[in-house]
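Trainee: With the sequences and hints as input, model every part of the structure.
Here is how the chains run, residue by residue.
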Amino acid sequence: MGADSETEGTAIVVKLDDLLHARRMTLTELSERIGLTLANLSILKTGKAKAIRFSTLEAICRELDCQPGDLLGYAPAAD
Amino acid sequence: MKTALNDPLLTVARVATWVVQVMLLIAQVALGVAIAAVVIAALGYLPDNATVSGIDHLQPAALWAAALAMALVLAALGMATQFVVRLRQIIDTVGEGDPFVADNARRLTRMAWLIVIGQVLTIIAGAIGTWIEATDGAAEFDLEFSISLSGFILALILFILARVFRKGAEMRAELEGTV
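Protein sequences, first through last, are from chains A and B.
Under full-length UniProt numbering, the first residue of the first sequence is numbered 1, with each subsequent residue one higher.
Under full-length UniProt numbering, the first residue of the second sequence is numbered 1, with each subsequent residue one higher.
Hints listed in this document are in silico derivations from the structure and should not be mistaken for laboratory results.
The structure presented is a predicted model; accordingly, all values stated were derived computationally and were not measured.
Please note that a few of the clues may not be correct.
As the list claims (entries may be wrong) - Calculated lysine-lysine pairs in the DSSO-like style (CA-CA distance at most 30 Å, straight line): (1) A/K15 x A/K50; (2) B/K167 x A/K50; (3) A/K45 x B/K167; (4) A/K15 x A/K48; (5) A/K48 x B/K167; (6) A/K15 x A/K45.
Mentor: Here it is, written out as structure tokens:
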């Protein structure tokens with residue numbers, strides 16, 4: 001555990017909102033398609049998730065027809 | 001508590017904690033009455049039929065010591081009650097399906113300390129009993145002066161379990177953020 005646990009993982013950006021917008025899909029619709037609860041999907045969308053399962057990533061990529069790199073981005077904080 | 005009702009083990013465990021708690025309460029009340037009687041005797045207010053109860057020949061010092069030993073046992077019983085209450089709280093969290101919480105780790109640590117302190121109290125009470133028997137040959141104080149190995153092993157297990165639960169709570173929190 002090198003980094004502070006408070007800031008750990010915050011440099012990873014989830015671009016789910018943009019993807020959904022581009023595909024004209026609602027969060028509720030996606031949650032139904034991938035079989036994830038809306039609450040959990042909201043956690044992912046708002047960037048509060050600490051980890052993402054490969055199965056979840058796979059399902060999102062399948063339904064949104066994208067690559068993991070389209071969903072996730074790395075934006076190091078400038079300090 | 002729907003799940004607890006459908007789970008025989010949890011139901012038995014919960015009923016057992018209630019039974020033990022009631023038994024402890026009865027024992028505490030009985031001991032409280034006994035302490036009051038011994039204190040009254042120690043103060044010199046002995047009823048006429050005191051010879052029957054067999055405490056008339058004891059010196060006030062021995063009676064006070066007996067009252068102290070009994071008070072220590074009463075305190076140990078009170079801690080046993082605390083122990084049982086915490087045990088039931090843990091059982092309840094199991095029934096609710098989320099036992100790996102920091103509260104349970106704290107409860108287990110507390111339970112371990114209760115066992116340790118209870119052991120020490122009964123050892124002191126037993127030592128006082130031995131002292132009374134030594135000073136008064138006719139006295140029979142029914143308290144064993146023994147260090148209970150199983151008690152300390154139980155305390156150790158509880159301390160370890162507390163750590164296990166703390167770790168479990170950490171892992172639970174991590175899982176919470178996983179989607």
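Trainee: Within 30 Å, alpha carbon to alpha carbon, are A/K15 and A/K45?
Mentor: Given pair A/K15, A/K45 holds - Cα atoms ~7 Å apart, limit 30 Å.
Trainee: Quick one, are A/K48 and B/K167 close enough, alpha carbons at most 30 Å?
Mentor: It holds: about 22 Å lies between the C-alpha atoms, which stays within 30 Å.
Trainee: Holds or violated: B/K167 with A/K50, Cα cutoff 30 Å?
Mentor: 18 Å, holds
Trainee: Is A/K45 close enough to B/K167, meaning Cα to Cα at most 30 Å?
Mentor: It holds: about 28 Å lies between the C-alpha atoms, which stays within 30 Å.
Trainee: Quick one, are A/K15 and A/K48 close enough, alpha carbons at most 30 Å?
Mentor: OK: A/K15 and A/K48 at ~13 Å, within 30 Å.
Trainee: Between A/K15 and A/K50, does the CA-CA distance stay at or below 30 Å?
Mentor: This hinted pair holds, its Cα atoms lying about 15 Å apart.
In this structure, every one of the numbered hints holds.
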